[in-house]
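Kindly generate the complete structure, drawing on both the sequences and the hints.
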Amino acid sequence: MSTLLQVEGLTRVYGGLRAVGDLSFSVGQNEILGLIGPNGAGKTTVVNLVSGVVKPSAGRVAFKNEDVTGMAPHLLARRGLVRTFQATVVYGDRTVRENAMRGAYLTLYPGFVATLFDTPAAKRKREAAEALVSELLDWLELTSVADTIAGSMPYGYQKTLGIVIALAARPSLILLDEPVAGLSAHETDQVRDTIKRVRERGITVVVIDHNMRFISGLCDRVVVIAHGQELAQGAPRDVLRDPKVIEAYLGKSYAAARAE
Amino acid sequence: MTDTTSETVRVGELGPTGAFERKAQDAGNHRVRNLLILAFVAFAALWPLVHENTFLLTMGTLVALSVIGATSLHLIIRTGHISFAHAGFMGVGAYVCVLLVMKLQLPFAVSLAGGAAAAAALALLIGPVVLRLTGKYFVLVTFLLGEIIRMVFVEWTSMTGGSNGIFGIPAPYPALAEPHAFYYFALAAALLCVGFCARILTSEVGRAMDSVRESERVAQCSGIPALQLKVTIFVIACALAGVHGALLAHFLHYVDPSSFGMVDSLNLVVMNVIGGMNHLIGPIIGSVFLTILPELLRGYVELQRVIFGIILIVVMAALPGGILELTARVRRLLASRRS
Amino acid sequence: MLSPIIIGQVIVNGLSLSAIYVLIALGFTLLFGIMRVVNFAHGAFAMLGGYALYYLYGKYALPYPLAVPLAALIVAVLSLVLETLVFRWFYQKMFQSMIGLLGLNMALMFSSVIVWDVYERSIPPAFSGVLRLGGLILAADRLMVIGIAIIALLAFWLFMTKTRYGVAMRATADDVEIAEAQGIDTRTIYRLAFLVAIFMTALAGGLYAQIYALSPFMGERPLIVAFVVVILGGMGSIPGAALGGVILGFTESILSTFYGAAVSSFVSFGVVIALLIFRPWGLLGKPE
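Protein chains in written order, with this note's numbering: chain W, 265 to 524; chain E, 101 to 439; chain P, 1183 to 1470.
There's no promise every hint is true.
To be verified - Here are the computed lysine to any residue pairs in the SDA-like style, where the Cα-Cα straight-line distance is at most 25 Å:
no., chain 1, residue 1, chain 2, residue 2
1, P, K1275, E, R429
2, W, K319, E, P228
3, E, K236, P, R1461
4, E, K236, P, F1460
5, W, K460, W, S480
As the list claims (entries may be wrong) - FRET-style restraints, in silico, Cβ to Cβ:
no., chain 1, residue 1, chain 2, residue 2, range
6, E, P207, P, G1452, 51 to 59 Å
7, W, P302, P, L1465, 18 to 26 Å
8, P, W1339, E, S258, 29 to 37 Å
9, W, R477, P, L1465, 42 to 50 Å
10, P, G1452, W, G334, 27 to 35 Å
11, E, S358, P, V1297, 17 to 25 Å
12, W, R477, P, G1452, 55 to 63 Å
13, E, I137, W, R477, 56 to 64 Å
Hint data in this document are derived by calculation from the structure and do not stem from the laboratory. Where is the CB? At the ideal position from N, CA and C, for every residue including glycine.
The structure is reproduced here in structure tokens:
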């Protein structure tokens, strides 16, 4: 399995405080990697660092063997690395289909002059984007709500739509920032199935969450972080047994969860 | 979130029929819109023929010219930034064009291009830096920037004539010395400008602009180069503002710093706000309204400004969507009565 | 070139400008910090303060120490009507407040033109003559301005730190929701903050009009000053407004003495724009 994303010694310091310190991990082709840790562990900072929203203080991020450290999000998107956001971020006043079309910018956009004159190339690109969007909506069973205003839909749908927007950019790797935060147990299961199906499309997934059960039922491998540092790394089953993880991070809540 | 959920369609209620009806209605709206545009253009074209009054003709020309300024500002607004320096860029276009014509004796067309290019160049210099700022900071920076540009016009007396400005600017071409001719010239320029802006807004560039305005973060992660897009639009819009300024100077035959200050930038913003900021028709309605209204209250300049101020307060407090929102509300009210 | 006369002039001008600027900016920053309104009508309130002082001191010849605070108080109390009619609608709505209050600025400015006409008036100086201090020669009226401002700022500081309302105001500025959860009546706090802010602005406006000139359009300069100072110090930051006011006051005093007013304006605007770009939250503000 070849390595798609390689993170080495990633560090971010905020005014003397290390939010993330010397974190290293790699993600193989078509793998689902979980990044877990309690609230405040620096998970979102890691996503921001990898996705170019925040520049790292030290360390290196390589994607498809190219150094992309601190690269702007839109350039990463062009290279096939796309992320979603923790809070449901969709274009709330627009229809589901329009949301997806906006996500398909890279397929859709033919260049400034070409779009103004609606050249044949521009038309071809639009058709390609429309086909891509229809296919995605069909695939995730959103076609029936394609003309619904996104902001009026239940939270779970909006989360799925967030994933659709990301997929519309035709990524080879997507970074999902807390995709099940605030969802019911039933909705969580649905999102988990969606992510598994995303992998079946040949897309590599990195998912960040603190919901241990969700992560262990989904990921091939997990990286546990606490206080911005790596605590453990490995298959979910092994990591869960790691006494260091149970004590330092999962503690009572995990013990309680296992007792259920 | 806004409280518009009541108007939007909820999940489950919308079957295939619903979607179909909606599309049919959209097509109907398009037909109405096209007819309205046609009527508006016809009215504008016939305007000089229905009366002999040169004053009304002048008003028409001024409206046409300010449509250029207001719609170009609308482009910037649609990327999510409100520039309070737009009149400054008008001024740059005006002075550069006038100086090229009067000092270098260049043909008007070349000078006009020069003026627009100068405004665009300044925008290109400033844009990449200021467009990184968010909402309120952008407003404050452009506010001060506009003041700096105006101060340059006042202080650089050897070029600009200082506070007195430059007088005796000739008509662009001898044929355009005649008011009717200039009116049609301005109208053509305005229609071109509106058409161009409409084309941008309905193209994929427009879609990307809407994405950036509504959620810059998501837009960037979809691969949209947000800053580059905003700078491009800013440069285009400022070039158009330069054209507005240059044409205005040649129409009025003089140029002075007092036409390009804070109040004038504000006027352009107000045209957008009063008309409605979410649609290109907004600034057009606003231009007509804000150019005509002062003339109705002629002789009561102060009172007119007071009324303006009060309108602004009321619009912002009660109708942030401008006149367009008002018509939409009335339509909805009528529709609910009927059903 | 650096004679004691000029040094004295630079220092006294710097201090008196700083005093006025700090007062103006404090009002602006209070309104922004607590109610999240960007008061584009700020200059108009300074202008009204000028006219109030003109009538009380210039026309009705009240004793100066009484006329100055009374003028500001009258403006502040009467402005409560505008709070109810206008400002209330824009609380916590930053964007709408900018445009709406620009409208208010226009309405107030041109109402003043209708009432008082456009010509410039002057408010007679409270003191003429100079004070000699060692080798320095100091203008007495400027010293008076400094004195008044120091008293006002001291009173403001005591109010904000020692009284229950002042503390509640600071809490509201920090976080409205937490303040409300703690049982602070924000409606009262808003009105109070408005009163205090307009009082200081009108006070500064009176002093400003006395030093320069009084006209319906005099508010433009104080408005820009408020912007510049508040951006320098950090929007919503009270110590920031004080620091920014002093920096701008002395910069202007020094630059305009040696290089002229235009250079001074260019430099201060340029510095502020540069600051906004690299540190938009200002010297003492918090990044968002």
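Evaluated hints:
Between P:K1275 and E:R429, the direct Cα distance comes to roughly 22 Å. Compliance with the 25 Å bound is thereby established for this hinted pair. Only pairs whose Cα atoms come within 25 Å are accepted, and W:K319 paired with E:P228 is accepted, the gap being roughly 19 Å. Proposed proximity of E:K236 and P:R1461 is supported: the alpha carbons are some 14 Å apart, at most 25 Å. Proximity of E:K236 to P:F1460 is assessed by CA-CA distance (about 15 Å); at most 25 Å being required, the pair is judged to hold.
The straight-line distance between the Cα atoms of W:K460 and W:S480 is roughly 13 Å, inside the 25 Å bound, and the hint therefore holds. The hinted window of 51 to 59 Å between E:P207 and P:G1452 is violated, with their beta carbons roughly 36 Å apart. About 36 Å separates the C-beta atoms of W:P302 and P:L1465, a value inconsistent with the hinted range of 18 to 26 Å. Checked against the hint of 29 to 37 Å, the C-beta distance between P:W1339 and E:S258 comes to roughly 49 Å, which is inconsistent with it.
W:R477 and P:L1465 have their C-beta atoms about 48 Å apart, which keeps the hinted 42 to 50 Å range intact. Take P:G1452 and W:G334: their Cβ atoms lie about 30 Å apart, and the range 27 to 35 Å holds. The beta-carbon spacing between E:S358 and P:V1297, approximately 24 Å, falls within the hinted interval of 17 to 25 Å. Checked against the given bound of 55 to 63 Å, the beta carbons of W:R477 and P:G1452, roughly 58 Å apart, stay inside it.
Between E:I137 and W:R477, the C-beta spacing of about 58 Å keeps the proposed range 56 to 64 Å intact.
Violation of the numbered hints given earlier is confined to hints 6, 7 and 8; the remaining hints are satisfied by the structure.
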